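Protein chains: 2
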Amino acid sequence: MNDLQINISIDPSFYCKDPESSALGKKIMQVGIEMIHELGYEAFTFKKLGVQINSNESSIYRYFESKHSFLVYLVNWYWSWIECKLVFATINIHSAEERLEKSIQILTEEIKEDNEITFINEVLLNKIIISESSKAYHTIDVDKENEKGYYKTYKRVVQRVCDFVLEVNPKFEYPHMLISTIIEGAHHQKYFSKHLPSLTDVEEGKNSIVEFFLKLTKSVLR
Amino acid sequence: MNDLQINISIDPSFYCKDPESSALGKKIMQVGIEMIHELGYEAFTFKKLGVQINSNESSIYRYFESKHSFLVYLVNWYWSWIECKLVFATINIHSAEERLEKSIQILTEEIKEDNEITFINEVLLNKIIISESSKAYHTIDVDKENEKGYYKTYKRVVQRVCDFVLEVNPKFEYPHMLISTIIEGAHHQKYFSKHLPSLTDVEEGKNSIVEFFLKLTKSVLR
DNA sequence: GCAAATATAATAGTATTACTATCAATTATG
DNA sequence: CATAATTGATAGTAATACTATTATATTTGC
Chain A
26 MNDLQINISI
36 DPSFYCKDPE
46 SSALGKKIMQ
56 VGIEMIHELG
66 YEAFTFKKLG
76 VQINSNESSI
86 YRYFESKHSF
96 LVYLVNWYWS
106 WIECKLVFAT
116 INIHSAEERL
126 EKSIQILTEE
136 IKEDNEITFI
146 NEVLLNKIII
156 SESSKAYHTI
166 DVDKENEKGY
176 YKTYKRVVQR
186 VCDFVLEVNP
196 KFEYPHMLIS
206 TIIEGAHHQK
216 YFSKHLPSLT
226 DVEEGKNSIV
236 EFFLKLTKSV
246 LR
Chain B
26 MNDLQINISI
36 DPSFYCKDPE
46 SSALGKKIMQ
56 VGIEMIHELG
66 YEAFTFKKLG
76 VQINSNESSI
86 YRYFESKHSF
96 LVYLVNWYWS
106 WIECKLVFAT
116 INIHSAEERL
126 EKSIQILTEE
136 IKEDNEITFI
146 NEVLLNKIII
156 SESSKAYHTI
166 DVDKENEKGY
176 YKTYKRVVQR
186 VCDFVLEVNP
196 KFEYPHMLIS
206 TIIEGAHHQK
216 YFSKHLPSLT
226 DVEEGKNSIV
236 EFFLKLTKSV
246 LR
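Chains as they are written, first to last, in the working numbering: chain A, 26 to 247; chain B, 26 to 247.
Source of the hints: derived by calculation from the structure; they are not laboratory data.
Wrong hints could be hidden among the right ones.
Distance windows between CB atoms, simulated [as the list claims (entries may be wrong)]:
#1 243/B with 81/A: 56 to 62 Å
#2 168/A with 168/B: 33 to 39 Å
#3 70/A with 83/B: 23 to 29 Å
#4 140/A with 168/B: 25 to 31 Å
These stretches of chain A come out as covered by chain B in the derived footprint (C-beta under 8 Å, 3 or more residues) [what the hints assert, rightly or not]:
#5 61 to 74
#6 156 to 167
#7 190 to 201
#8 208 to 215
#9 239 to 247
Note that this is a predicted model, so its numbers are computed, not measured.
Beta carbons: idealized from backbone N, C-alpha and C, even for Gly.
Can you build the whole structure from these sequences, using the hints too?
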C-alpha cells in the first residue's frame, strides 16, 4: 500500500465546501485533528482552531456547518481509510479464514505510524475515533442523521467484514453483532488500557487486544 | 428481591448534599432522569429541570456541583443497583457455570419493569446508561476523575463477574476484557438495534443479545 | 494586465449554557 | 418562638455555537 496514491473520496453531504479542495480546508482538517486530540471534543471550538491556523471562525463555517458535522466528517474519513486498508489487505488472500483473521487484525490493532500517504495524521485520527467517535452517534438526533447517511461508511465496513464471517461459517446467526462488538470493543479496550486499566488485561509489549478478539472470533465460529 | 428493602448507598464524594435525604433531592433525581431521557444529555440543563420541578437552578446546584457530576452520580447509582441484583441473583447458586451465566444474563438483558422498590424508574435509567453513560468517562478529565473514584462502582461490578469467570476457567487470560466487552457490547447492541439496526442481528421477540453474549462466553471459556 | 468572480478575513451580534454570588423567603428544629 | 438550615429569586459572567454583514485578498478568464 505504501507506493499507492489512494484517494479517499468523501460523500459531499458531509461538508459544505470540500476541505480537500483547498489549502485552508486541509489545514482545518490537519490542525482540527490535532486540537481535538489535545483539548477533547467538548473544549475544541472553531474559534480556537481559527486562531491556531491564522484564519477565521467564519471561514471554517464555510467548510463545515457545525462542530458536530466536522466530527462526523472525520469519522467517515477514518472509516473510508480503514475500508481501503481492508480491501488491499484481503484482496490476494484466498482462504476465507485468513481473510477474516487479517480483517480483525486491522480493526483491532494499534495504529502506530502515520504513513504520510495523505495529509492526515492517522495515528492521531485513530485516537480521536477511540475517545470521541461515540459522540457522533450518541446524540438525540441519531435517527434523523442516520437517514441522512451520516453513519454509512461505518456500516459498510461492518457489512464487508460480516461477509467474510459468513464465508467462514454461513450458519452463524450473529455476524453483524460479532463485528460491531469487535470494533467497538477494541476501541473500548484501548481506551481502558490507557485510562481505566483495571477493566482490561493488557500486558506491556503484548498485543493482548488483537489476540483476545481473534480468540473470541475463532472460538465462537467453531 | 421483590420484598426486600434494599438501600443503595452512594459514596458522599458523588454529591454535595445527599439527594436521597430530602424530597427535593429525590425529585431532582426522578425528574432529572426523565428529562435526560427525553432531551438527551446535551440539551438537558439544570435550569430546565428547575422549571419542571417548580424549583430553582441554584437549589439543584446545592445537590450536584455540575451537570457532569449529576450524570456520574446516576451512573454510579445504576451500577450499585446492578451490583445488588447480581449479589442476590447468585448468592444461592452453587455451580460456578450457572453463576456466571446468570450474571451475564443480568448484564445483557433488557430491563423491562420498574419494580418500584426505589423511587427511581430503573427502566428509564437503564436507557440513559445505554445512550449517555459513555459520556461520563469519555472526557478529557478521565484520569483526574478516575483518581477521585468516579468509576469505582462500575469497576467493582466488572471485578465481581470477573471472579466468576476465573472460577469457571482459572487459566483464562482475559477475564476483565471479556466482562467489560460484554457490558459495553450489550449496551451498544441495544442502542444499535433501536437506531442503527443494520449493525445488529436482533430479531423481534427473540432475546438475541443475551443469547449472543452467552454463546460468546461459553465458547471462549471452553 | 485587468475586471469580475470567488474565497477569505474581520467585526459584530444573538441566544443559550454552565455556572457563581448574593440576598430574601420559607421551613424545620430545639 | 427564635434560630438555623434549606430553598427560591434575581442578577451577573465568561464562554459557546453559531449567523450576518461587510471588507479585503486571491484566483480566473479574457
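These are the hints, each one checked on the structure:
1. 243/B with 81/A: 56 to 62 Å: Since residue 243/B and residue 81/A have Cβ atoms about 58 Å apart, the given range 56 to 62 Å holds.
2. 168/A with 168/B: 33 to 39 Å: 34 Å, holds
3. 70/A with 83/B: 23 to 29 Å: 27 Å, holds
4. 140/A with 168/B: 25 to 31 Å: 30 Å, holds
5. 61 to 74: holds (count 4)
6. 156 to 167: Our answer is that it holds, as 9 residues pass the Cβ test (under 8 Å) against chain B, meeting three.
7. 190 to 201: Coverage by chain B holds for the segment 190 to 201 of chain A (4 residues, Cβ < 8 Å).
8. 208 to 215: holds (count 4)
9. 239 to 247: Coverage by chain B holds here, the residue count being 5 at a Cβ distance below 8 Å.
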